[in-house]
Amino acid sequence: MRRRKPGPSGIVAAPLETKSQDNARRDNIASVAQGRLKTYETGAPNARRFLDLLSRRITRSLAVSLTACVHCGMCAESCHYFLARPDDPTMTPVYKADQIRRVFKRHLDWTGRVVPWWVKASAPENDEDLNRLKNVVFGACSACRRCTLNCPMGVDTALLVRFTRGLLTELGIVPEGVFNVSRDQWETGNQMAVSEADYLETLEWMRDEVRAELADPTVEIPVDRPDCDVLYTINPREIKFDPRSIAHAAKIFHVAGEKWTLPKWGWDQTNFGLFSGDDRLGAFVAGNVYEAAARLRAGRIVISECGHGYRSTRWEGYDWASRDQTAPTESVVVTLGRYLAEGRIRVDASRNPVPVTFHDSCNIARSGDLVEEPRRVLRQVCLDFREMTPNGRENFCCTGGGGLLSMAEYRPLRLEVARIKADQLRATGAGQVCTMCHNCVDGLADVIRHYKIDMKVVQVLDLVSRALMAPR
Amino acid sequence: MSPLLKVLENEVQVAALLFMAAVYALRLVWIFRFRLPKARTFPAGSAARGIAYSLMNVAMPWAMESTRKKPGFYVQFVIFHLGVAAAISATLIIPYRPALFENEVLVRVFQAVIAAAFLMGLLRLYRRLANPVVRLVSSADDYLSLVLMILFFAAGVMAVPNDYRRAEWPLVLFFGLTAFFLVYVPFSKIGHYLYYPFARIFLGRALGRRGALPAGSIRGRGAEREAGR
Amino acid sequence: MPFIEHDDSKIEVNEEGFLAHPEEWTEDVARILAKVEEGLDELTPEHWVVVNYIRDYYREKGLAPMVRKMCQASGFALMRIYDLFPSGPAKGACKVAGLPKPDGCV
Chain A
5 MRRRKPGPSG IVAAPLETKS QDNARRDNIA SVAQGRLKTY ETGAPNARRF
55 LDLLSRRITR SLAVSLTACV HCGMCAESCH YFLARPDDPT MTPVYKADQI
105 RRVFKRHLDW TGRVVPWWVK ASAPENDEDL NRLKNVVFGA CSACRRCTLN
155 CPMGVDTALL VRFTRGLLTE LGIVPEGVFN VSRDQWETGN QMAVSEADYL
205 ETLEWMRDEV RAELADPTVE IPVDRPDCDV LYTINPREIK FDPRSIAHAA
255 KIFHVAGEKW TLPKWGWDQT NFGLFSGDDR LGAFVAGNVY EAAARLRAGR
305 IVISECGHGY RSTRWEGYDW ASRDQTAPTE SVVVTLGRYL AEGRIRVDAS
355 RNPVPVTFHD SCNIARSGDL VEEPRRVLRQ VCLDFREMTP NGRENFCCTG
405 GGGLLSMAEY RPLRLEVARI KADQLRATGA GQVCTMCHNC VDGLADVIRH
455 YKIDMKVVQV LDLVSRALMA PR
Chain B
9 MSPLLKVLEN EVQVAALLFM AAVYALRLVW IFRFRLPKAR TFPAGSAARG
59 IAYSLMNVAM PWAMESTRKK PGFYVQFVIF HLGVAAAISA TLIIPYRPAL
109 FENEVLVRVF QAVIAAAFLM GLLRLYRRLA NPVVRLVSSA DDYLSLVLMI
159 LFFAAGVMAV PNDYRRAEWP LVLFFGLTAF FLVYVPFSKI GHYLYYPFAR
209 IFLGRALGRR GALPAGSIRG RGAEREAGR
Chain C
40 MPFIEHDDSK IEVNEEGFLA HPEEWTEDVA RILAKVEEGL DELTPEHWVV
90 VNYIRDYYRE KGLAPMVRKM CQASGFALMR IYDLFPSGPA KGACKVAGLP
140 KPDGCV
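Residue numbers (my numbering), protein chains in the order written: chain A, 5 to 476; chain B, 9 to 237; chain C, 40 to 145.
For the record, the hints were derived by calculation from the structure and aren't laboratory data. Among these hints, one or two may not hold up.
Straight-line Cα separation of at most 27 Å, DSSO-like style, residue types lysine-lysine; simulated pairs [said to hold, decoys possible]:
1. A:K268 to C:K100
2. C:K49 to C:K74
3. A:K268 to C:K49
4. A:K9 to A:K23
5. C:K49 to A:K460
6. C:K74 to C:K108
7. A:K456 to C:K74
None of these values were measured; they are calculated from a predicted model.
Put together the whole structure using the sequences plus the hints.
Written out as structure tokens, the structure reads:
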């Protein structure tokens, strides 16, 4: 019988780096002192604690995902990690899920408890085992959920990955980038430690830019204005690195005659709790947004273009914060679609002549509800819109998802497997790829640079802003 | 018919079935003891439609990229499980409606289906040993379950003619294996049929509510959304 | 950690192409990073205005300055910063200035 030999494993053997965590403990920062942000303790019975957390946190849907897998391997070819490394069976979703499944079987499942070897059940015994698990669930998966949609049984591997990340985060066994961003979001309320002064100054700067562009001194970027129809929330990246998207939004809101505001606190719609698996952090950050909307009596919450931010603020955040949704919560792309449908803004598609393709973000199209909405907008603001293949719910991850952009140690593997994405982009022949996620912007930019593709990344706000016609 | 076979075909099966039902019930209690967090958002689609779509997934090979890319695997899955259905039906027909198997054509049809499933079983065993992806994750439970199913199908082909006057051993083997399966299934991977509907329901509900499933219902949802806001 | 090799120099960088040891930065290192990572054949005085501002800010505050501050100090519009450093202020200008990669998903 011909047995095919597998190649070497791509799972990155990154050690646990705790320098940031040590500094945080030494400085006794608030979130650590108050026990909200967990740090790694050498010498603690971490493996034992891991199992206790597993028992306490497991939900019905997770338990079923753990027991329903029949090891058929149909998920394998839906995963870009395996497609790019077909000789490496450790890159398949089933293998990655099995790393937590085996623990569940050993600890909670009757066959696994009585005869573990029979079902390959085994629990982690030491911190090295937990660190290896960290490298699997943080480093070899972007939690894109493509495997979930391709499983004949309905096993939700992406959810299992997030669950496992959450257990490890509680023990401080995380990549350093994950700790840093979590710390910043806990301590400052936003993912990039932007101060209130910096935030307000940047908004004023962009207001001045839009006033100049429209030659209209009445343009405002209101902060903390009550009783508005729209509460706009943004990605800290827009303040720290590229505020052009804020200017675009302000311009469009102004032309549309919208009654809108940004909040002074609770303006960060991104949410590292989604990536680290930390529901507590998720509840805190999303809760800030919901509180701001309630405090300012806003009609609806509008989320700027960010995939994981959309999923966290529109969907998961309410569950994490145990808060029933009261205000409509939507993506700014939906808002734009409404403005176009209602004639509140007019656009000239000839201002966007370069062919554009659209990259559906995992957290928006697969774990969210928006597939047709961005397309409806794009078809009105571009001359040449073309689809990539596959697209919509079946699109491939930008490869930078799941927080991978913050984890330097996994970058070489991520760029290696991005070959799948590069091929997909090139095949469109488009000069621009549009996406409604800031993470994807950077993820795709990395792919484009690494594979030397002649393409620029744009967002929907960029294209609409370019096509926007002055009010009559 | 010998008293052994008579008891094996009837009382033993009933006992084993009752045992399986009891263990199944315990397993359901175990599943339902895990909490199911409540969703607190405005839906963007229908949970019920998502559930229906998700459960129908098994009959829609075009719905998933994996089954579109590997239609052979899907065909193999269908034949294998048709064989399971035929074999299980046989375990009920033989003791309670033996007249049905006096119909030569029906017997041949059953034999053909179960024999095809037997071949699929052999193919699956080969795949589980030769394909590195599946081999890496397969356990003793996976292998034994498959080997037993292959034996079960082989016994089924021989047992279905129900010719106990000529030779009883195929029937003894068939019903013996069935009783064994009924007791073994809840503790093995074959128990997946218990979890399968729940997994599909949970996924269908979560993504249906979110409007991500069913695929292709997006045009309708746009209008729902505008109205809802 | 990988290395960038250019002419006779070898510079250690992390997986993202940022300087592994910020204390090793020199103007020559900056030129090499600009060439290899940003595709810039030379650094004009305009580039240096931005780079020097970033370095001063980092020395004083220990973090990367916001793009707003970069624009104010250099007098350049935001678009000009993107023209000068194609990868943008975080991944382009800060990298050439020898800073470690800024935290966050970017």
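Each hint, compared with the structure:
| no. | hint | verdict |
| --- | --- | --- |
| 1 | A:K268 to C:K100 | holds (24 Å) |
| 2 | C:K49 to C:K74 | holds (14 Å) |
| 3 | A:K268 to C:K49 | violated (47 Å) |
| 4 | A:K9 to A:K23 | violated (40 Å) |
| 5 | C:K49 to A:K460 | violated (31 Å) |
| 6 | C:K74 to C:K108 | holds (25 Å) |
| 7 | A:K456 to C:K74 | holds (16 Å) |
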